[in-house]
Amino acid sequence: MSFEEICQILKSQFGDAIEETAVDSCRPYVIVSNDKWTEVATFLRNDSRMAFDFLQCISAIDLLADDKLACVYDLAAMSPLSATENMSYVRELAVRVVTDRNNPQIASVAHLWAAADWHEREAYDLMGIDFPGHPNLERILCPDDWVGHPLRKDYAHPLEYHGIPGTTEHELKSPRH
Amino acid sequence: MADTIAPTNPADASAPRQADVRTEEMLVNMGPQHPSTHGVLRVVLRTDGEMVLQSVPHIGYLHRCAEKIGENVAPYQYVPYTDRMDYLAGMNNNQAFALAVEKLTGLEVPERAQYIRVMFAELNRIASHLVAIGTYGLDMGAFTPFLYCFREREMLLDLFESACGARLTYSYITIGGVTDDLPDNFVDVCSEFLDYFEPKVDDYNNLLSYNHIFVKRTGGVGVISAEDAIRFGLTGPVLRGSGVKFDLRKAKPYEIYDRFNFDVPVGLSGGTGEIPRGVVVGDCWSRYYVRVKEMIESVKIIRQCLRDIPAADEKEGVCNKKCKTVKLPDDEVYMEIENPRGQLGFYVKGDGSAIPARVKARGPSFCNLCVLEYAGKNCLLADIPAIIGSMDVVMGEVDR
Numbered sequence: 001m002s003f004e005e006i007c008q009i010l011k012s013q014f015g016d017a018i019e020e021t022a023v024d025s026c027r028p029y030v031i032v033s034n035d036k037w038t039e040v041a042t043f044l045r046n047d048s049r050m051a052f053d054f055l056q057c058i059s060a061i062d063l064l065a066d067d068k069l070a071c072v073y074d075l076a077a078m079s080p081l082s083a084t085e086n087m088s089y090v091r092e093l094a095v096r097v098v099t100d101r102n103n104p105q106i107a108s109v110a111h112l113w114a115a116a117d118w119h120e121r122e123a124y125d126l127m128g129i130d131f132p133g134h135p136n137l138e139r140i141l142c143p144d145d146w147v148g149h150p151l152r153k154d155y156a157h158p159l160e161y162h163g164i165p166g167t168t169e170h171e172l173k174s175p176r177h
Numbered sequence: 001m002a003d004t005i006a007p008t009n010p011a012d013a014s015a016p017r018q019a020d021v022r023t024e025e026m027l028v029n030m031g032p033q034h035p036s037t038h039g040v041l042r043v044v045l046r047t048d049g050e051m052v053l054q055s056v057p058h059i060g061y062l063h064r065c066a067e068k069i070g071e072n073v074a075p076y077q078y079v080p081y082t083d084r085m086d087y088l089a090g091m092n093n094n095q096a097f098a099l100a101v102e103k104l105t106g107l108e109v110p111e112r113a114q115y116i117r118v119m120f121a122e123l124n125r126i127a128s129h130l131v132a133i134g135t136y137g138l139d140m141g142a143f144t145p146f147l148y149c150f151r152e153r154e155m156l157l158d159l160f161e162s163a164c165g166a167r168l169t170y171s172y173i174t175i176g177g178v179t180d181d182l183p184d185n186f187v188d189v190c191s192e193f194l195d196y197f198e199p200k201v202d203d204y205n206n207l208l209s210y211n212h213i214f215v216k217r218t219g220g221v222g223v224i225s226a227e228d229a230i231r232f233g234l235t236g237p238v239l240r241g242s243g244v245k246f247d248l249r250k251a252k253p254y255e256i257y258d259r260f261n262f263d264v265p266v267g268l269s270g271g272t273g274e275i276p277r278g279v280v281v282g283d284c285w286s287r288y289y290v291r292v293k294e295m296i297e298s299v300k301i302i303r304q305c306l307r308d309i310p311a312a313d314e315k316e317g318v319c320n321k322k323c324k325t326v327k328l329p330d331d332e333v334y335m336e337i338e339n340p341r342g343q344l345g346f347y348v349k350g351d352g353s354a355i356p357a358r359v360k361a362r363g364p365s366f367c368n369l370c371v372l373e374y375a376g377k378n379c380l381l382a383d384i385p386a387i388i389g390s391m392d393v394v395m396g397e398v399d400r
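Taken in sequence, the protein lines are chains H and C. All residue numbers for the first sequence refer to the numbering used here, where the first residue is 1 and numbers rise by one. All residue numbers for the second sequence refer to the numbering used here, where the first residue is 1 and numbers rise by one.
Simulated from the structure, these hints should not be mistaken for lab results. Hints are supplied without guarantee of correctness; some may be wrong.
To be verified - Calculated lysine-lysine pairs in the BS3-like style (CA-CA distance at most 27 Å, straight line): (1) Lys-68/H <-> Lys-293/C; (2) Lys-293/C <-> Lys-153/H; (3) Lys-153/H <-> Lys-68/H; (4) Lys-153/H <-> Lys-327/C; (5) Lys-153/H <-> Lys-324/C; (6) Lys-252/C <-> Lys-68/H; (7) Lys-103/C <-> Lys-293/C; (8) Lys-293/C <-> Lys-252/C.
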């Protein structure tokens, strides 16, 4: 099934919730409306025409120019389980869900794909996106008392952490920071 | 005997446990500095006597936000950071990032360079699996196989050193090709090594794989079903150990993998062929044995590479000349390859400049480790090192 066909099914099912389809991208993706994400994700996971059973990756991105944050979900549907025939991806789909920068919230999909658990915790830790419905949304890579979310474009490097010197004043003035 | 040994299979967790001594629950902190956690991994175990009721992994001790660094340097400058993620498979990490950037920018790679890349990716797979097998033996109390594995790995590191000068962090595979052409006698030296190495795999099997104690410690322990493996997003030998015949080199061939003949080993149940009794599909032994078999498949691929590799072309070289000046378009890409530990993906987003707007690594160790919470419960305390070791995680890449 091609990307266009998947988009067509999604559009007929959800209409305006499918905000944009980036067909010409190097790796095509669809933008799904934030408030309909749970319904769309459930459909992508459970509908027999979709059956995306494998969550490859969740990449959180910072769209500073638009004052937004977003998550990119890379999904794949595997061919039927087999121990003798080589399996492959039957279809793949990338979905982008955009959220507001000031109150970033995207519904959790950990109940649909167990793999999402740690990916969402990572996105929360490093990008500061809240995932309502996640069973255990805690920092995963940074310490629990860390301030800020390092992967945001406007992240301020700490000057000090428990007595360990961080970025110096001089470094802060250099154009990189 | 009044007490029965509790089931180690999470699927049987509901089966009643009998013990004639009532014990108290206790929290045991394993790690972050523990020999069997393969790096700085901390696991908090809720135990009841010898039984582990729950294990919660805590990670992040090696976190250095490598993804943030990726947003500050040009792709060819980021290559050395990628081989410090999974430091046992530097070549494969370089290759994954290079392929992602090449796909995004449409950069061509000379054919000879592609052969060199595949060859080194497979040599590195062998080197990585040798560490996995050797240290797994150590975890299970077998010291000798470790020395045998490292003896052969040393020869591989010499091969890598002859090609790029480094023994661990290579940065050999780079954007647009490889940094240098092969040394003059490389084909001969490499074939010599393969001839020497192939029969050694039988030694590992006799020393470790079929060892009765080893099979008892790993067979039927930490069983993960095929459905659960996919649900948790497991990849690589951990997925194939659960009897899922999925390998990106076959499923979605990148580089020139579609030109080679090789098999994809999967976990098989005990009692068939060379598989010892007591082994269950998806247990620790299956995951371990998939790695042993994969080394032989890698040898097959390298032999075909050595046979087919095109002669050096002075004009074309082994690296695209535009590798350092290329601009990233305002677009995004997600590219996955089969790393020794599983599927390593790179998400790269450009914004029209030479420096990426976002680099995200989907590490196979990170994704495989999340299953520990599920597999490491209702088992014996001694099974925990067996389960962690069979995942073959590299903490440098879990924490990035």
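Evaluation of the provided hints:
At roughly 47 Å between alpha-carbon atoms, Lys-68/H and Lys-293/C are farther apart than 27 Å, so this suggested pair is violated. Proposed proximity of Lys-293/C and Lys-153/H is contradicted: the alpha carbons are some 45 Å apart, above 27 Å. This hinted pair checks out: Lys-153/H and Lys-68/H have alpha carbons roughly 11 Å apart, not beyond 27 Å. At roughly 20 Å between alpha-carbon atoms, Lys-153/H and Lys-327/C fall within 27 Å of each other, so this suggested pair holds.
Restraint check for Lys-153/H and Lys-324/C: satisfied, since their Cα atoms lie roughly 25 Å apart, inside the 27 Å limit. The straight-line distance between the Cα atoms of Lys-252/C and Lys-68/H is roughly 33 Å, outside the 27 Å bound, and the hint therefore fails. Straight-line distance between C-alpha atoms of Lys-103/C and Lys-293/C comes to about 31 Å, which puts the hinted pair past the 27 Å bound. A hinted pair counts as satisfied when its Cα atoms are at most 27 Å apart, and Lys-293/C with Lys-252/C qualifies at roughly 21 Å.
The structure fails to meet hints 1, 2, 6, 7 from the earlier list, while all remaining hints are met.
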